[in-house]
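Chains P and V supply the protein sequences, listed in that same order. In my numbering, each number is its position in the first sequence, counted from 1, plus 812. In my numbering, each number is its position in the second sequence, counted from 1, plus 439.
It is worth saying that the hints were derived from the structure and are not from the lab.
Simulated coverage check for chain V against chain P, where a stretch passes if three residues somewhere in it have a Cβ under 8 Å from a Cβ of chain P:
| id | region |
| --- | --- |
| 1 | 447-461 |
| 2 | 508-519 |
| 3 | 567-578 |
Here are the simulated lysine-lysine pairs, BS3-like style, with alpha carbons at most 30 Å apart:
| id | chain 1 | residue 1 | chain 2 | residue 2 |
| --- | --- | --- | --- | --- |
| 4 | P | K1129 | P | K890 |
| 5 | P | K1109 | P | K890 |
| 6 | V | K522 | P | K1129 |
| 7 | P | K1109 | P | K1074 |
| 8 | V | K522 | V | K575 |
| 9 | V | K575 | P | K1129 |
Cβ coordinates follow ideal geometry from the N, Cα and C atoms, glycine included.
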Amino acid sequence: MATWKLAPALAAGNSVVLKPAEQSPLSALRLAELAAEAGLPDGVLNVVPGYGEEAGQALGRHGDVDCLVFTGSTEVGKMFQRYAGESNMKQVWLETGGKSPNLIFADADLEAAADKAAFGIFFNQGEVCSANSRMLVHESIAEEMIERMRLRAAAIRPGNPLDPATKMGAMVDARHAERVAGFIASGRQSSRLVAGGERLTIGGSDAFIEPTIFADVPRAARIAREEIFGPVLAIQTFRDEAEAISLANDTVYGLAASVWTKDLSRAMAVSEALVAGTVSVNTVDALSAMTPFGGMKQSGFGRDLSLHSFDKYTALKTTWIAY
Amino acid sequence: MMQSLSHYAARAAALNFRTECWIDGRFVPATAGGRFESVNPATGAVLSDLARGGAEDIDRAVRAARAAFEDGRWSRRTPGARKEVLLRLAALLRENLEEFALLDTLDMGKPISETVTVDVPGSAHFFQWHAEAIDKLYDEVAPTGGAIWRLCGACRWGSWGRLCRGISRSTWRPGSSRRRLRRGIRWS
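Same shape as in the complex, but just chain V (with noise of 0.2 Å):
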């Protein structure tokens, strides 16, 4: 539900921005120490300086998600484990959805009107859909034949990166896809 021009104004006032690199599960800044700006488009005024990540915050960042992937605390978690977690998450950003579509305005000039109704609510949904997916995917058996079976799984890539460019769009409405679903593959 849509909230007043004075509500919206008050909350983003009040707002308190992570502004360090979260690295292994903790706030920390750019090894370098070196700051870059967060601007809000609509207004030219900072909302805050930000940690500015370099290669050796990557290099951290790409050291800390190898030692998690291996040593299996979450790519060895059972899909439905996982599930799990990224339910909960799901929710969480439901009940942050003010905050979200605040920080996502004041940070890229989109509507609040779009940010409150389209944007959180669809990665909430984001979420909780891939969630409710993982553990229904299944392995493959070939039919080889003889003595010897061959099983097509798939494993996870290690860690990965990701960049995006500041704009989200993430309405969704009913559609198809005119491809045929893929045989069920997947997972060890």
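Only chain P is shown next, with the shape it has when bound in the complex (with noise of 0.2 Å):
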């Protein structure tokens, strides 16, 4: 849902027009009905459900919208910034793609890292921004992290979301279920399949994704590189610490990172040499309302959550008085 800009927005006192992606418009109808039921004026909250090119393309074109705010792919957000070139100067917020690096150095605790990492690229179908999509393994335990990895994905079977036990349910539609697919035939020809690897068809819909783990993964592979948005995951080796660093940060994305080491010192050094919005050391994805959360080069600009967020849905005014 669209909390996280929804609530410092509506909080600072805007009104807000909600365009909500075509696949999930229905959550968003029924919040702001009960919104209104909470109490909100009329007018303050719009939704107004349609195609991201009709729709959405309209109101980055609106001459009377102060500020826009997306989450989504990095390519619709250059329209966006566009778009407000090409009318009004709107101010534009950004949170777009990510091909997030998970880094393990071989001192790590790899059982609590391999559970981790699994839960970072297979939540939500991997459809998540800051997925942990590339996993960066230090050579001399590369065997063995695979291994692991290969059986945590071959426990999480597709099936019903219905079904209270479904770890893992469809693509957010079949359009995209057949992009993820494109990737994984790529990742064939260039990368050694551990995992995975095929489309489902459950219940009538072939909307569903083996979680799919390759290794061997050359540095200049499509899926080392490009945004999947789907649980897909590139295994890659590095020899030490500078190697590590190069390939994290080889990527046009910058949203988030996570580290795995015992030592402190490389903790901090490493944190510190990656471009990314959010680094979690020791674990995979941290997140609270309490600290910001966005990206770096292409991922994006502004943050959401924390006090920061509020940074976006306010202008700064400066006011002299003479007494």
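Assembling the complex is the task here: the two chains are given apart, and the hints tell you how they should meet.
Shown next as structure tokens:
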């Protein structure tokens, strides 16, 4: 749901027009109705469902919108910057794509690292902007780590999302499942398939993708460089800290990163060297309402959550008073 | 607490979807009358058809938002009064947790175990957190000296748009920011 942005925007006193993603408009419409029940006055929150190229673009180009915030792909984020430049120069804040690295050093707690890494790539079918979709492992523990990940992937079977026992549901739509399957096909060419790799038909729908892991992924491979937004993990190895940092930062994105080590000095040094909005040490994708979340480089700019989130929804104004 | 598959399936089948544009406090069809389908990706079944909002509807919504902003019905309420409304919204979200969890699970294919335990509670939490914060932020007076003071406040934007792709990410657990908290600005 849209609450990361809606909550601070409304709290700060703004009026809002929300255009939900065309794949998921239902909860946003119900939320607007519930907000009215809570006492939000008419006109303060409006929801217009529709397609991005129609309603979304109209919002981006509207002459009386002061500020636009967007969560989604880097490609569409750039469109909103262009729309703003071609219309009223509205402020645009973007939280866009990611290819977040998860660095595992040899001294890490490998069992905990594998558990969290599986969560980091398979939660919500990998449809998470900060999904840890690249695992960078020290070469001395690579095969051991690959085996741990293989076991975790094999333990997750996609299924009916309404079943409380299901840990992985369907991709957001069949078109996206097709796109993810395309990445897997390219991964089969460039890399070694360790787990999964199949698109599944369950209950009459072919929008399911198996948890998938590739090893021996070259730096230049598509699955190492492009955001897949699906349950596909690319594992690469490094020889030393310098190579780990170089691999981690060799991306146009900079949303999140994780570092696993028991060495405090290394944890601090590597955290500082990683170009990412959030670095999690000895965990993956840590998050709180109290801490800022957002990207560097082409993962966007501006921060959601924390008191900093209010910055996007307010403008500083200086008033001088002579007396 | 999690319920059984048969419980969720029965509740899902009985859900009532809101399918029109919500503009100025009421549901209205799209001006051009177009519709688009919302599909459950886990079954391929059409959940509902919805108003296909276009440029005219966006314009109507922006006008409504602008009018609401300018007359101050919300924008000039005290932060404390806005807090009260948003805290009620957080409470209502919790009361209707299962309905929201089902809506997102049906619409996006996301497991009910996640929408019930993570997404919807998270949404309520984020409304509550920002509501509770908003009346604790102070404006700033700069030490310019002499007979002139500089007051540095923050004024709200008027209407703003927001888009999201249909993916929520709302786990939360302790973390820390290495960035210093900014000095206390804010709010007139």
